[in-house]
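Protein chains: 2
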Amino acid sequence: MDSVRTVADLAEKARFASRTLSTASGAERKAALEAIAQALITRSSEILAANELDMVNAREEKMHPQMQDRLLLTAERIAGMADGARQVAALPDPLGQVLNESTLPNGLHLRQMSVPFGVIGMVYEARPNVTVDAAVILLMSGNAALLRGSSTARNSNEILVNVMRDAIASTKISPEVIQLVPSEDRATVKALLTARGKVDLVIPRGSAQLIRMVVDEATVPTIETGAGVCHVYVDEFADIDKALPILLNSKTHRPSVCNAAETLLVHKNIAPTFLPLALKALTDAGVALHGDATVQKVAEKFGVASTPATEENWCTEYGILEMNVAVVDSVDAAADHIAKYGTNHTEAIVTENQASADRFIALADCAAVMVNASTRFTDGEQMGFGAEIGISNQKLHARGPMGLAAMTTTTWIVTGNGQIRS
Amino acid sequence: MDSVRTVADLAEKARFASRTLSTASGAERKAALEAIAQALITRSSEILAANELDMVNAREEKMHPQMQDRLLLTAERIAGMADGARQVAALPDPLGQVLNESTLPNGLHLRQMSVPFGVIGMVYEARPNVTVDAAVILLMSGNAALLRGSSTARNSNEILVNVMRDAIASTKISPEVIQLVPSEDRATVKALLTARGKVDLVIPRGSAQLIRMVVDEATVPTIETGAGVCHVYVDEFADIDKALPILLNSKTHRPSVCNAAETLLVHKNIAPTFLPLALKALTDAGVALHGDATVQKVAEKFGVASTPATEENWCTEYGILEMNVAVVDSVDAAADHIAKYGTNHTEAIVTENQASADRFIALADCAAVMVNASTRFTDGEQMGFGAEIGISNQKLHARGPMGLAAMTTTTWIVTGNGQIRS
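Top line first, the protein sequences correspond to chains S and A. For the first sequence, the residue numbers in this note's numbering are 175 to 596. For the second sequence, the residue numbers in this note's numbering are 175 to 596.
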C-alpha cells in the first residue's frame, strides 16, 4: 500500500509539472536539455563518486563482470550522455506536428496534432545511462518521466536525477517533471504498472523476465521492447557473395543485442552450394551450431561440428555465438518457421528476386524486414532517428526503433464557429 | 482449459488464413466486401429468422426494451449493414501506404509501410450489427477477425458469420479469416484476452464494466474504447449566442452516447450573464441539474431546481438527461477540473479568444478538443473517416475515432545490396 501511495504521489507531482512541458516551446525544451548536458559535465566528479558507491556494492556482491561493466560510469561515458542530450535537443521538435488536416462541408476545421502522452514510466535495469537517455527523450517529447531503475544503481541514479533536476530548475521547465521512483522495494514496480489513470504509459527495458512480468502485471498501457529471435533467410535466388557477409555480420557483429540473428534458414535449392560455406564460415567465427536433420548431414559430411536443434533451440535468443540452421522448401516455408519461432523483431532475406522479396515482406510479420542487409541495422541511430528509447516489438502504437515521435500521441483539434449536430 | 484450446485453435486458423488477406490486393479485399454486401441482402430472410430466435429469448428473459432494440434486426437494418460494407469498400486502401521513406548515407533504402496487425479480436455486447461492421473494417484493413459477441445474440451472430464466410468463399480470401468465438461460456472472453502471441490486438466495445474487465485481465494488447465524461467549458470570452446551442446540443442531442457532455464549466466572469440562461435552457430541455455551491445559489435565485453535485456526480457518465454545473476561475481551473474528473475523450471550449483556446488545447489532454463546436462531433462519420470501429480514449496507437488506418501497424522495409554494420 505504501508503494502505491508513493508512486501515486510522484505521478501526481509529475502530472502537474508536465504542464510546464506541454505549454513550453521547443526552444524552451531544448534549453532544458542543454542545461542538463552542461550540468552532467560540470558535476562529473560527484556523479563518479556516487557511481563508485554502487560499484563497491556490486564488487562485494560479486555481480557478473558484464553487469558491472554496464553499471560503471566513467568521465568518457558521462560525456557521452551529455553529448546524447545535445543530440536529442538538435532533433526536429516532435510536438505540434500536424499529421492530418481537413475542412468539413459544415465548415469545421480538423487538425490532428502531435501532443505529449503526459506521464511516462520507465522500468529498467542496472544501467545508469538509461536514467539520462530516457529522461532527455521524454522531456524533449513533452513528457514527465517516472524513472524506476535498479536498486544496484541507486546511488548513481539519485545523483543523475538530482543533477538533471537542479539543471532544469534554472529553466522554464519544472524540475518535478523528473521523478526517481524508489528502487529499494520491488513493490514500486508493481505500483507503477498499475497506476492506471495516473501514468499514461510504461516502457520496460531489460531482460525477458522483466518484459514478461510487465505484460502480466500491467494495467497501464505498455510498450513491449526487446526480445529478438531474428532470422536470416537465404533464398534460392540469393547472391552468395552478399549472403555470407550478411549472415556473419547478423550473427557475430554483436551477439548480445536484440537485432543479432539466432537462426539461419536456407532454401533447399541453394543449400548444396551455400550451406557448406556457411557452416564453415560460422564455425571459423566461433559460432556453435544446431542443425535440422539435413543440416546435420551436411555438417557431418564436411566435418563441421553441430548438434541437433531442439524445439527450445529454435525459440532461443542466445545472445552469444550460437546459431540454429535449417533448410526450407520455399519462401512460404521460411515464413512458416519464422511465424512459429520468431518474435516479430527483424527478419532478413537475401535474394536477387523481387517476387521472393515481396512475398517475404508480405509474410514476415515483423518490425523490420531487411532485404539484402544485415539484421543489425534495426537501430534508431543506424536508421537515422538520432535517438532511441527502445525497440518495440509489439504492433500497437510503435513498431521497431522508437525515437521522439513514438513518445507522442495525438489530439484532434476541431475548430468551428458554433456548429452543432442536427 | 477447453476455452483456451478453442480460442487458440480459432486464432491459429485465422492466422494462417490471414495470409490470403495480407497478400491480397486492395481490389481483391474490396471484392470480398462487395460479396458480403450482396449476400446480406440475398439472405435477409434467413438472417431475420435467426434474429427472431434471439428476440424470442430476449422477450422471455424480459430484456430491457432498449437492449431489445439493439438486438433487433430488420430488413432496413440489414440493408444498412450491407450499405456500410460497400462504403468501407469504397474507402482508400489503408494497406501499403508509405508513411516514411529515406535513403541513408550507406545506400540503405528505408520505407515505413502500413501493414495489417494479423489477427484482431473483438469483444462486444448484444448488437449483431457490430458482427458485420467490425468484420468488414477488419477485412478491408487486412486482418482476420475473431468475433466474440454476446450469447444473447448467438443465433444472429452465427447466421451473419455464416453468410459472410459463404460470401467470401467465392473470392480469393479464405473464409477462415472470420471466426465466431463461442459465446456460451464466459471463459472464452478471458481466453481471448490472454491469447498472447496468437491474437495481436483485442478491441472491447461495450459497457464500462466490460472495458474495465478487459483492462484488468488482458495480456494481449488492447485498445480501450468508450467511456466519455465530456465537458463544455464556457470561457469568459465566449459568445453566448454560440455557447447556448453548443451546450444544449452537447448534452441533449443524444445523451446515451459517449460524446455527449456531462458537465458544464463556466468562467466566473461570464457566469452572471450566462449561468441563469444556461440553467433555464437546460431545465426547459428536461435536464436534471447538479451544481456546485455557486451554481446552487444562482439556481435558487432564479427558481431553477438543482441538487448539490457530489464527487460521484462529477465522475459520472450519465447517459441520460442529467448534468453537473460548476463555476471556475480560469482556463487552468477548468483544465484542473477536467484532469480530475474527465476521461480524456472530448472537451469543448467556447471562446472568441485565441489565447484561451490555445491554453485549453495545451491542457485538455483528450482525444478531441472542440473549439466553438458541439462535443457530438467526435465521431468517425462526422469527421469524414467514413467508418469507425470505435472511439479510442487511450493514448497509445490510436486516439479518438478509429477508422481503417487505426487497424494497421507498420513494417520498416530496409533494402540494400549487401550492407553490413562495421
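Everything labelled a hint here was simulated from the structure, so no lab data went into it. Be careful, since some hints might not be right.
One copy or two, either will do: identical chains are not told apart, so a pair holds if it fits within one copy or between any two.
[Said to hold, decoys possible] Below, a list of computed lysine-lysine pairs in the DSBU-like style, where the Cα atoms sit at most 30 Å apart:
(1) Lys475 - Lys236
(2) Lys471 - Lys204
(3) Lys346 - Lys442
(4) Lys475 - Lys364
(5) Lys204 - Lys442
(6) Lys454 - Lys236
(7) Lys416 - Lys364
(8) Lys471 - Lys346
(9) Lys187 - Lys346
(10) Lys364 - Lys471
(11) Lys514 - Lys454
(12) Lys187 - Lys236
(13) Lys442 - Lys187
(14) Lys236 - Lys471
Exercise. Check each numbered hint against the structure and report the violated ones by number, ascending.
Key: As far as the earlier hints go, 1, 2, 4, 5, 6, 7, 8, 10, 12, 14 are violated by this structure, in ascending order.
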